[in-house]
Amino acid sequence: DVKVTQSSRYLVKRTGEKVFLECVQDMDHENMFWYRQDPGLGLRLIYFSYDVKMKEKGDIPEGYSVSREKKERFSLILESASTNQTSMYLCASSPGQGGGYTFGSGTRLTVV
Amino acid sequence: AQTVTQSQPEMSVQEAETVTLSCTYDTSENNYYLFWYKQPPSRQMILVIRQEAYKQQNATENRFSVNFQKAAKSFSLKISDSQLGDTAMYFCAFLRLYGNKLVFGAGTILRVKS
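Quick note, the sequences are listed as chains A and B, same order. Letter by letter, the first sequence follows residues 1 to 112 of my numbering. Letter by letter, the second sequence follows residues 1 to 114 of my numbering.
Don't read these hints as lab results, they were simulated from the structure. Bear in mind that the values here come from a model prediction, so they are computed numbers and not experimental data.
No more than 25 Å apart at the CA atoms, straight line, and that leaves these computed lysine to any residue pairs for SDA-like:
no. : chain 1 : residue 1 : chain 2 : residue 2
1   : A       : 3         : B       : 99
2   : B       : 73        : A       : 41
3   : A       : 55        : A       : 17
4   : A       : 71        : B       : 47
5   : B       : 73        : B       : 50
6   : B       : 70        : A       : 98
7   : A       : 3         : B       : 43
8   : B       : 70        : A       : 42
If you want a taste of the chain A side facing chain B, the calculated C-beta under 10 Å gives, among others:
no. : residue
9   : 30
10  : 97
11  : 103
12  : 106
We put the beta carbon where it would ideally sit given N, CA and C, even for glycine.
Work out the full structure, taking the sequences as your base and the hints as a guide.
Rendered as structure tokens:
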């Protein structure tokens with residue numbers, strides 16, 4: 001069964017910590033995405049990657065960075081976590097060409 | 001930039017009845033894709049249905065169908081014979097023809113009551 005796997009379902013971190021959220025897909029998809037989901041705001045794109053070592057900013061990249069060293073893995077990095085980054089983070093991948101996304105099951109991050 | 005609007009934050013429906021979720025979008029492009037995704041309490045986002053804008057025929061997947069009105073930029077989701085397992089957040093999403101990035105609406109919470 002093809003899937004996107006996020007390494008943590010729940011995470012609690014302290015303000016100022018460096019946080020890594022990991023995502024792995026096994027579908028050989030070119031594109032990978034990180035979204036943030038907040039009530040009433042839907043899903044907002046943080047970063048996406050269309051190839052290894054290639055990345056583009058989404059709508060809300062401030063305070064985040066990403067890494068894609070291998071095709072199957074896309075990491076989201078919070079350089080110095082802040083309380084306003086408490087949220088649900090969703091990773092997704094897609095083959096492009098009009099194909100829909102396949103999502104991971106999400107990481108609920110709480111920054112205290 | 002494209003925008004997607006879901007005007008119904010919450011809806012409820014009785015089991016076995018039919019419900020329609022609304023979605024409108026704004027784009028200047030002629031060809032694109034539209035999607036409905038379902039997010040149950042388990043949080044796993046699931047693709048419900050996909051529509052290609054250059055196809056006039058409305059997409060259907062079992063109990064789920066869409067009413068795609070291209071001129072009105074409307075893409076509503078109809079769920080027939082609603083089941084308790086349909087309780088979820090539903091997101092409408094837009095994708096440009098040669099784009100990579102989905103643009104999502106804010107979502108509609110649907111509750112199916114027994």
